[in-house]
Each structure stands twice: as structure tokens, then as C-alpha cells.
Amino acid sequence: MIAEVYLHLMITLQRSLAIAKKNARIYYLKPPVLIFGLLFPSFMFLAFSIGRTINPAELVPALLGMTILFAASSVGPLITPWERQAGTYERLLTIPVSSWHIVVGDVGSSFVYGLLISLLSLFLGICIFNAGPAYPIAFILVMFLSVCCFSALGAAMAALPTDQLSNVMMLSSLIRLPMIFISGVFVPLKELPLWGQVIARISPLSYTMDLVRWSFGNPLYFNKLTSCFMLIGFTLFFLYLAHIAHRQANRIF
Amino acid sequence: MHVIKASGLYKRYGNTVAVNNISFTVERGVIFGFLGPNGAGKSTTQRILTGVTKPDAGVVEIASYNLSRQPLKAREVAGVVPEMANVYVDLSAWENLMFVGEVYGVGKKKRAERAAAMLEVFGLFEKRHLRAKGFSKGMKQRLLLCMALMGDPEVLFLDEPTSGLDVQSTLIIRELIRDYNRQGKTIFLTTHNIEEANQLCDLVAIINRGELIVVDRPENLRKTFTSLQTVEVAFQPQFISPDLLKKTDVTKRFKKQGDKYIFYTEHPGQVIFSITELCRSEGVDILSLQTLRPSLENVFLDVTGKLNESGGKENDR
Ligand SMILES: Nc1ncnc2c1ncn2[C@@H]1O[C@H](COP(=O)(O)OP(=O)(O)OP(=O)(O)O)[C@@H](O)[C@H]1O
Ligand SMILES: [Mg+2]
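The listed protein sequences derive, respectively, from chains R and V.
Under the working numbering, the first residue of the first sequence carries the number 1, and numbering increases by one thereafter.
Under the working numbering, the first residue of the second sequence carries the number 1, and numbering increases by one thereafter.
If you're looking for bench data, these hints aren't it; they were derived computationally from the structure.
Fair warning: this is a prediction, and the values are worked out from it, not measured in the lab.
Note that the Cβ used here is the ideal one computed from N, Cα and C, for glycine as well.
A hint or two may mislead.
Examples of chain V residues toward chain R, derived with CB under 10 Å [claimed, not checked]:
{"id": "1", "residue": "74"}
{"id": "2", "residue": "83"}
{"id": "3", "residue": "99"}
{"id": "4", "residue": "100"}
{"id": "5", "residue": "103"}
{"id": "6", "residue": "104"}
{"id": "7", "residue": "144"}
{"id": "8", "residue": "147"}
{"id": "9", "residue": "151"}
Calculated cross-link-like contacts (lysine-lysine; reagent style DSS-like; alpha-carbon spacing at most 25 Å) [as the list claims (entries may be wrong)]:
{"id": "10", "chain 1": "R", "residue 1": "30", "chain 2": "V", "residue 2": "133"}
{"id": "11", "chain 1": "V", "residue 1": "108", "chain 2": "V", "residue 2": "73"}
{"id": "12", "chain 1": "R", "residue 1": "21", "chain 2": "V", "residue 2": "109"}
{"id": "13", "chain 1": "R", "residue 1": "30", "chain 2": "V", "residue 2": "140"}
{"id": "14", "chain 1": "V", "residue 1": "5", "chain 2": "V", "residue 2": "73"}
{"id": "15", "chain 1": "V", "residue 1": "110", "chain 2": "V", "residue 2": "73"}
{"id": "16", "chain 1": "V", "residue 1": "223", "chain 2": "V", "residue 2": "255"}
{"id": "17", "chain 1": "R", "residue 1": "21", "chain 2": "V", "residue 2": "73"}
{"id": "18", "chain 1": "V", "residue 1": "127", "chain 2": "V", "residue 2": "108"}
{"id": "19", "chain 1": "V", "residue 1": "137", "chain 2": "R", "residue 2": "30"}
{"id": "20", "chain 1": "V", "residue 1": "110", "chain 2": "R", "residue 2": "21"}
{"id": "21", "chain 1": "R", "residue 1": "21", "chain 2": "V", "residue 2": "140"}
{"id": "22", "chain 1": "V", "residue 1": "140", "chain 2": "V", "residue 2": "110"}
{"id": "23", "chain 1": "R", "residue 1": "21", "chain 2": "V", "residue 2": "108"}
{"id": "24", "chain 1": "V", "residue 1": "127", "chain 2": "R", "residue 2": "21"}
{"id": "25", "chain 1": "V", "residue 1": "133", "chain 2": "R", "residue 2": "21"}
{"id": "26", "chain 1": "V", "residue 1": "127", "chain 2": "R", "residue 2": "30"}
Let the hints inform the model, and build the full structure from the sequences given.
Printed below as a string of C-alpha cells:
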């Protein structure tokens with residue numbers, strides 16, 4: 001019984017890893033990934049580093065939060081529509097992988113990309129603004145959870161049943177840009193009007209922002225544990241959405 | 001042992017019934033040709049058999065695994081070349097093969113050996129580290145076939161593997177199909193190329209408008225359709241009035257093809273008698289005359305109802 005579960009797990013791991021490696025080779029250097037995952041956050045950093053006098057302990061968490069969101073969710077939305085368009089998705093459905101293997105592989109490759117870029121921007125934050133987290137371990141943990149969550153979000157967006165890349169890119173911007181404004185990135189949550197504070201709760205980025213701010217030595221708005229559980233909950237929800245969508249994928253054939 | 005067992009497959013898209021209640025079995029070690037005109041439902045059937053499309057009704061078993069209950073097990077023993085599929089053009093031939101090998105759980109050493117051997121056979125070994133983006137259609141198709149073979153599958157599903165390829169690529173692929181079959185493997189070959197089916201297949205199924213019409217050996221198909229024997233005659237002068245030909249009375253089914261006339265008949269001897277008589281009385285010479293057994297092509301055209309269509313010209317010339 002235990003041996004069986006172990007075997008099952010190993011097979012899942014092996015197949016997801018194969019998919020993740022394939023994704024990394026193909027998609028990390030695709031233009032939309034570079035634009036949203038690398039250039040966009042870099043420009044943010046540059047734009048804010050020039051001639052502003054905002055307190056770095058306020059500014060850097062905001063930049064990091066955005067970077068985590070955009071970097072982690074930049075690879076995921078690309079993969080499935082790209083493969084549908086290129087004609088490789090149909091074969092992916094004929095080799096022995098389940099929709100969970102595909103989802104874990106896609107999220108895994110997004111995760112690694114998101115983590116690398118986030119670490120890079122943490123490094124930039126320390127170098128340019130001389131502002132590092134007050135609780136480094138807590139920050140790394142928060143980053144880990146959040147990158148997971150937004151990678152899953154990316155995979156869920158990719159699962160829109162279409163082979164038009166532009167549809168998915170539009171949807172992903174439609175979801176991510178408003179998230180920045182309702183999640184207390186530029187204005188701390190407690191300074192938002194009441195309706196803003198209510199809406200903020202449906203955005204996973206709010207919890208990321210609150211925890212990142214806290215790890216930089218600012219006061220908390222939500223409860224620490226609640227935020228962590230919310231992020232985990234959102235992650236599972238997005239994973240489930242992506243899984244369902246891949247299972248329905250054969251509808252388009 | 002049944003390697004493929006399909007029972008009551010049914011699939012519709014809107015108002016089109018793409019696959020209508022199709023059932024058949026394929027034994028181990030058989031090359032099974034799946035033949036039909038464009039839009040007959042061949043690819044849809046293969047997609048159902050390989051788990052890409054869910055049928056509205058019906059059950060598929062691959063090597064005794066129920067495809068809808070144990071999809072991964074069933075896919076582990078199958079290798080597939082889908083109709084519209086492509087290789088990963090951003091990866092090299094080698095990386096494409098390694099990816100598939102990993103998914104099928106082939107060990108690292110075995111993976112490399114198998115890939116190298118196959119690329120050698122397919123004439124791609126020298127180009128193994130180039131990105132597949134620069135590959136020609138034929139090279140991509142060969143690579144697709146390599147990928148399908150990477151897991152050393154029990155059964156191979158091929159959807160028109162040689163369509164649009166040059167003679168050389170076609171021959172390599174056909175030879176490989178025979179070779180793989182010699183190892184006792186089963187092959188499901190979708191094609192609309194009758195000569196290919198004739199040359200390769202142990203069994204041929206003919207499908208038209210979603211319905212399975214016959215399943216038989218190519219030889220039996222020809223034998224059964226005795227009314228499709230032909231007498232091919234070239235007259236001198238070349239043209240002969242249809243009214244005169246109709247007088248032969250033995251067969252009403254004939255058509256002009258090139259500079260010859262082709263008569264379909266169950267009794268070639270009688271046709272020859274009447275033609276020679278006619279020629280003698282009309283003072284027409286016969287340049288050549290030969291009788292032919294029914295070709296698979298004619299059987300195919302006949303059962304799909306296309307023989308009389310194309311022979312619309314048959315009688316009224
Ligand atoms: N995804 C789909 N959506 C709508 N209709 C479809 C779809 N796939 C197939 N069909 C229809 O089902 C019928 C059978 O198509 P199929 O592709 O199986 O034919 P085929 O025998 O493979 O033809 P070909 O020789 O052209 O490849 C056609 O009428 C086609 O229009
Ligand atoms: Mg087809």
C-alpha cells in the first residue's frame with residue numbers, strides 16, 4: 001500500500017518534472033514572458049528609483065509584491081494556448097500524462113521562474129534602496145507561498161479554452177492590473193476606504209502585500225496566520241481550476 | 001489477444017455525426033488499415049482511441065485497459081502520431097525525444113540509446129542538436145514517429161503518417177512500420193492512400209460518413225467484389241460511339257479513361273466476346289486488351305458510393 005503510493009508519487013514527480021523542464025526550455029525566453037516577467041518589474045524599479053523621496057521601507061515592499069505577482073504569473077498563461085496554437089497540445093494529450101501532471105509541471109516551471117526573478121528583485125531592493133527585510137526568513141517564506149499562489153493563478157488563466165494567445169494575454173492583464181489597485185500595493189490597506197478594504201479581501205495579492213510589509217518591519221493589517229492560510233487556499237483553488245480546465249480540454253477537439 | 005477493442009463508438013459535432021456506432025477489434029501483431037475519404041471520421045475515431053476526444057458513447061480498450069477508467073495505463077502502451085500534431089519546434093530533435101522518453105519513464109541510459117538508434121535509422125542523427133524549427137515537413141514527420149516509438153509501445157496509432165511526404169521519406173516510414181510490426185507490435189494506420197493500405201495492411205477497414213462499412217483482408221475484399229473485375233480496351237480509331245458500346249449488352253458499366261475504355265463486369269470472358277464481335281462488324285481494330293482483378297481502389301470507390309459518382313460520365317459519353 002505504502003509502496004504503491006510511493007510509486008504513484010514518484011511517477012507523478014517524474015512526469016511533472018519532464019513537463020516543467022520542457023516548459024523552462026521553451027517558454028522562459030519567449031517575448032511575453034520577458035516583457036511581463038522581467039522588463040515590467042525592472043521598469044517599475046527604475047521608475048521609482050529616480051528622484052523619489054518615498055520611504056524605502058514603504059516602497060520596496062510594494063515593488064517586491066508586484067514583481068512576485070508578475071514574475072510568477074507570466075509563464076503559466078502562455079504555455080497551454082501556445083501549445084494549442086503550435087499543435088503540440090494534442091500530442092501532450094496522447095502521452096501518458098494526466099491533467100494533474102500537466103498542472104504541476106506548468107506551475108512548477110512558473111514557480112522556479114517567479115522565485116528567481118523575485119530573488120533578483122530582492123537583491124536589487126537591497127542594492128539600490130538599501131532596504132532589506134527585517135525578518136529575512138519570514139520574507140522568504142512569504143515569497144515562497146506567494147510565488148506558489150500566483151504560479152497557480154497563471155496556470156488557471158492559461159486553461160481558458162482557446163487557442164488564441166491574445167485572448168489569454170488580455171485576460172491575464174485584465175485580472176492582474178486591477179489586482180494591483182485593490183490590494184493595497186501603493187496605499188496601505190488601512191488607509192483605504194471601507195469598501196476598498198472589503199474588496200481587498202478577494203485578492204490574494206492583499207495578503208502577500210500585508211505579509212511582505214510586515215517582514216519589512218511595518219505593522220500588520222490582517223492576522224499573519226490568516227494571511228498564510230488565505231494564500232494556501234487561493235493556491236489550491238487555482239490549481240483546481242487549472243485541473244478542471246485541462247480535463248475539459250478535449251472538448252475543443 | 002485484442003490489442004484494440006472498440007465497441008459502439010459514437011461522436012457528434014453539432015449536427016454532424018462524425019463517428020456512428022463503430023465497433024471492431026484488432027489482434028496483436030496486426031497492421032490494421034483504417035481507410036476512408038476526407039471527412040469520413042477517421043481522425044475522430046483515432047482521437048477517440050487515443051483518449052484525446054471523449055466519445056458521446058462507446059467503450060475503448062487498449063491492451064485490455066479500459067481507456068476511460070485507466071487512461072494512463074492505456075496510454076503507456078500506445079504510441080501516437082496525431083493528424084495535426086507538431087514537434088516542439090523550439091527544442092532540438094534530441095530534446096524532443098528525451099522529453100517523451102522521460103514521460104514514458106524510460107531510464108536515462110536506455111533513453112539515450114534508443115533515441116540515438118532511431119535518429120540514425122531516420123537519417124536525423126547528424127541534425128539531432130539543431131532546433132526542429134528548421135526541419136522540413138518530412139523531417140518533422142519522421143521525428144514525430146521517433147517520438148511515438150520512444151516508449152517502445154505495444155500499439156502504434158498513425159494518422160496519415162506519409163501524407164504530403166516525398167518518396168524517400170514515405171519509403172523510410174513504410175519500411176519502419178513493417179519493421180516494427182515484425183517485432184510483434186500492432187499498428188493502427190489511418191490513411192486515404194489505398195495503395196499504402198494495400199501494401200502494408202493485414203486487415204483493412206473502410207469507413208464512410210462515420211460508418212464502418214467492411215473489415216477484411218485486402219485480398220478478400222478484391223475477391224468478394226467480383227463484379228468489379230475490369231476489361232481494359234484500346235480501340236483504333238480511338239473513339240467509339242457510346243451507343244455502339246451499349247449494344248454490347250454485357251455490361252452497362254464502363255468509362256473512358258485516358259485513351260482506353262474500362263468495362264466493369266463479373267464475366268470478363270463475355271465482355272471480350274461481345275467486344276470482338278462488335279469490332280469485327282464495325283471494322284474497328286483493337287490495339288490492346290487486358291483483364292484486371294478488382295483493385296482495392298475500385299472496391300473502395302464502390303463501397304463509398306464514389307464509383308458511380310465518378311462514373312457519372314460512365315454511360316453518357
Ligand atoms: N473539432 C471538431 N469540431 C466540429 N466538427 C468536427 C471536429 N472534428 C471533426 N469534425 C467533423 O467530423 C467529421 C469527420 O472528421 P475527421 O477529421 O474525423 O475526418 P477524416 O476522415 O479524418 O478526414 P481527412 O481525411 O480529411 O483527415 C467531419 O465532418 C468534420 O467536419
Ligand atoms: Mg483525418
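These are the hints, each one checked on the structure:
1. Taking 10 Å as the C-beta contact cut-off toward chain R, the hint placing residue 74 of chain V at the interface holds, the least distance being around 8 Å.
2. Taken as an interface hint, residue 83 of chain V checks out: its beta carbon lies about 8 Å from the nearest beta carbon of chain R, inside 10 Å.
3. Using the Cβ-Cβ criterion of 10 Å, the hint placing residue 99 of chain V at the interface with chain R is satisfied: the shortest such distance is roughly 5 Å.
4. For residue 100 of chain V, the suggested interface contact is upheld, since its CB lies about 6 Å from the closest CB of chain R, less than 10 Å.
5. Interface restraint check: residue 103 of chain V against chain R, minimum CB-CB distance 5 Å, threshold 10 Å, status holds.
6. Nearest Cβ of chain R to the Cβ of residue 104 of chain V: about 6 Å, under the 10 Å cut. The hint holds.
7. A least Cβ separation of about 8 Å between residue 144 of chain V and chain R falls short of the 10 Å threshold, and the interface hint therefore holds.
8. Look at residue 147 of chain V: its Cβ gets to within about 8 Å of chain R, closer than 10 Å, so that hint holds up.
9. For residue 151 of chain V, the interface hint holds, the least distance from its beta-carbon to any beta-carbon of chain R being 8 Å, beneath 10 Å.
10. The hinted pair formed by residue 30 of chain R and residue 133 of chain V meets the criterion: a straight-line CA distance of about 15 Å does not exceed 25 Å.
11. Distance hint between residue 108 of chain V and residue 73 of chain V is fulfilled; the C-alpha atoms sit about 21 Å from each other, no more than 25 Å.
12. Simply put, residue 21 of chain R and residue 109 of chain V have alpha-carbon atoms about 18 Å apart, close enough for the 25 Å limit, and the pair holds.
13. A hinted pair counts as satisfied when its Cα atoms are at most 25 Å apart, and residue 30 of chain R with residue 140 of chain V qualifies at roughly 22 Å.
14. As the CA atoms of residue 5 of chain V and residue 73 of chain V are separated by approximately 15 Å, the hinted pair is consistent with the 25 Å bound.
15. Between residue 110 of chain V and residue 73 of chain V the CA atoms are separated by roughly 21 Å; this keeps the pair inside 25 Å, and the hint holds.
16. Proposed proximity of residue 223 of chain V and residue 255 of chain V is supported: the alpha carbons are some 22 Å apart, at most 25 Å.
17. This hinted pair checks out: residue 21 of chain R and residue 73 of chain V have alpha carbons roughly 23 Å apart, not beyond 25 Å.
18. Of the supplied pair hints, the one linking residue 127 of chain V and residue 108 of chain V holds, its CA atoms being roughly 21 Å apart against a limit of 25 Å.
19. Annotation: proposed proximity of residue 137 of chain V to residue 30 of chain R holds, straight-line Cα distance about 24 Å (limit 25 Å).
20. Restraint check for residue 110 of chain V and residue 21 of chain R: the C-alpha separation of about 19 Å stays at or below 25 Å, so the hint holds.
21. A hinted pair counts as satisfied when its Cα atoms are at most 25 Å apart, and residue 21 of chain R with residue 140 of chain V qualifies at roughly 21 Å.
22. For the hint pairing residue 140 of chain V with residue 110 of chain V, the CA-to-CA distance comes to about 23 Å; that is within 25 Å, so the pair holds.
23. With a C-alpha separation of about 15 Å, the suggested pair residue 21 of chain R and residue 108 of chain V falls inside the 25 Å cut-off, and the hint holds.
24. The suggested pairing of residue 127 of chain V with residue 21 of chain R holds, with an alpha-carbon distance near 22 Å, which does not exceed 25 Å.
25. Among the hinted pairs, residue 133 of chain V with residue 21 of chain R is consistent with the structure: their alpha-carbon atoms are about 19 Å apart, no more than 25 Å.
26. Between residue 127 of chain V and residue 30 of chain R the alpha-carbon distance is near 24 Å, which keeps this suggested pair within the 25 Å criterion.
Of the numbered hints listed earlier, not one is contradicted by the structure.
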